[in-house]
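Put together the whole structure using the sequences plus the hints.
2 protein chains.
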Amino acid sequence: MNFKNIAIIGVGLIGSSFALSLKARGFSGRITGIGRNEDNLLRAEEMGIIDAHTTVHAEGVRNADLVLLASPVGRFEQIINDVRHELKAGAIVTDVGSVKAGVIRILEPLMPPGVNFVGGHPIAGKECSGIDAATADLFTGARCIITPSPRTDREALDTVVGMWEEIGSRTLLMNPEEHDLIFAAVSHLPHVVAYALVNTIIDVDGGILHHGGNGLRDMTRIALSPAELWRDICIYNREEILGILRKFSSYMSRIIKLMEETDWSGLEKEFARAKEARRSIEPDQHKK
Amino acid sequence: MNFKNIAIIGVGLIGSSFALSLKARGFSGRITGIGRNEDNLLRAEEMGIIDAHTTVHAEGVRNADLVLLASPVGRFEQIINDVRHELKAGAIVTDVGSVKAGVIRILEPLMPPGVNFVGGHPIAGKECSGIDAATADLFTGARCIITPSPRTDREALDTVVGMWEEIGSRTLLMNPEEHDLIFAAVSHLPHVVAYALVNTIIDVDGGILHHGGNGLRDMTRIALSPAELWRDICIYNREEILGILRKFSSYMSRIIKLMEETDWSGLEKEFARAKEARRSIEPDQHKK
Chain A
1 MNFKNIAIIG VGLIGSSFAL SLKARGFSGR ITGIGRNEDN LLRAEEMGII
51 DAHTTVHAEG VRNADLVLLA SPVGRFEQII NDVRHELKAG AIVTDVGSVK
101 AGVIRILEPL MPPGVNFVGG HPIAGKECSG IDAATADLFT GARCIITPSP
151 RTDREALDTV VGMWEEIGSR TLLMNPEEHD LIFAAVSHLP HVVAYALVNT
201 IIDVDGGILH HGGNGLRDMT RIALSPAELW RDICIYNREE ILGILRKFSS
251 YMSRIIKLME ETDWSGLEKE FARAKEARRS IEPDQHKK
Chain B
1 MNFKNIAIIG VGLIGSSFAL SLKARGFSGR ITGIGRNEDN LLRAEEMGII
51 DAHTTVHAEG VRNADLVLLA SPVGRFEQII NDVRHELKAG AIVTDVGSVK
101 AGVIRILEPL MPPGVNFVGG HPIAGKECSG IDAATADLFT GARCIITPSP
151 RTDREALDTV VGMWEEIGSR TLLMNPEEHD LIFAAVSHLP HVVAYALVNT
201 IIDVDGGILH HGGNGLRDMT RIALSPAELW RDICIYNREE ILGILRKFSS
251 YMSRIIKLME ETDWSGLEKE FARAKEARRS IEPDQHKK
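Chains A and B, in that order, give the protein sequences. All residue numbers for the first sequence refer to my numbering, where the first residue is 1 and numbers rise by one. All residue numbers for the second sequence refer to my numbering, where the first residue is 1 and numbers rise by one.
Simulated from the structure, these hints should not be mistaken for lab results. Every clue listed holds true.
One side only, chain B facing chain A, incomplete, derived with CB under 8 Å:
hint, residue
1, A223
2, E228
3, I235
4, L242
Covered by chain A, according to a simulated footprint, are these stretches of chain B (three or more residues, beta-carbon under 8 Å):
hint, region
5, 188-195
6, 201-209
For lysine to aspartate or glutamate, the following EDC-like pairs were computed, each having C-alpha atoms within a straight-line distance of at most 20 Å:
hint, chain 1, residue 1, chain 2, residue 2
7, A, K257, B, D203
8, A, K247, B, D205
9, B, K257, A, E228
10, A, K247, B, E260
11, A, K4, A, D158
12, A, K23, A, D137
Quantities reported herein were computed from a predicted structural model and do not represent experimental measurements. All residues carry an ideal CB built from backbone N, CA and C; glycine is no exception.
Next comes the structure, spelled out in structure tokens:
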């Protein structure tokens, strides 16, 4: 790692785990945690996750060689507007947001001369948030999508790729628009559906949720994710998410129609092809 | 346990785990496994899960004090028609089906004089099926819903309740119709949605499913459940499942509308109330 000073804006699960991952690999530079909640930053510093902290964003980034944006996506623009004049020439700004095209479109033009932005998305969330859930191996073996745009500096790109690989991630380059289309389907849709499942059930009767078994708990675990974070993702990836939500709704109508028409073999076929596809991504297939 | 001979029809995950649970608690009687797949039954016998086996259902139940129906719900009627004349007086027939009202309506009138049916539903599935996934503690601490009808014999009811408690389940009596309404929401809906999520995603592009993270894997794990089983549940609980699917669809339309109208605070409120409700059923809440 060639960085001496790293600033992490947003010291939550991802930001903290990033810091712990660096330290676990012997990073000897200084990590400054930046955020709005001083108590949280103080705790992170006491726990040795970060070396210094500040709630004044512009101050925190002043000497940073690398700035990692790890707050909810919707705050990125304001943050960069607040800190851009303090970013030093040669610094790299990167992020961990679940949406890429919209973020890149907004942030790239805000970078001062000599500062490069590279968009990234580590596929390593969990439903718990905050520094207590952070671990040094959250990114180990996990994929991290890096989304260069036509304006991305190649050297900065290589540096960011190298950084994620150094902490154990398997990086993958992807076009930002392709990223947003794919993740609308495989991540954003499931999150919205998890919230929708819980609300549908409690709207029937608030007391019945506890009757659910492990299946329901597994299916709705990601409904524990922060509401603000997912609101922001819906804002920034609105078109793609609306597109996949409409497809999902049409598909649900098709299932309802099969049941209305008592087309049981049609219904079984739909279930069977889903099962088959789901098996293909199951790591431990021998018992299924 | 006062039974000497137990017949388990359907030696899969639930049937095998039931047998293993009995044996782990010192059951000294004889357990006969009955099914259509002789290889599976032979293996179960070799593994010590069952003591004897047959593919001739009527033969298998002849001396049974207890008959446990653990095959997909849609086969129950045919099975009982095949074996009813061999059931001995005083025998109890019970089941583990995820649907209760329809099963009870069909099976109760088929019971010969002196044979009592008691409906049951252990909340203890997992996404893996078959004897290799079976364990002696699948039901330990798990709920088991017992659904007496107006025709249910009280002594047989007590016996079935006692049996599930003896193998570690926490039993709960519930009206069959209430059961079917609740489980349409907390179990059947999530299963159908899991299948629907997978199919929606692969209908966009068959190759993108592997991009999903743990969230998607958790959410679609129950899509690994046998298609025939869930087709049968949809057949037997058609009205309740259609009702909750329609509610879920309306709710999805509401979410789509919020996004179309860019009502982001409305959307965040929906996500937040789902998160709050989901937290209430999280056993380990301190980190959330």
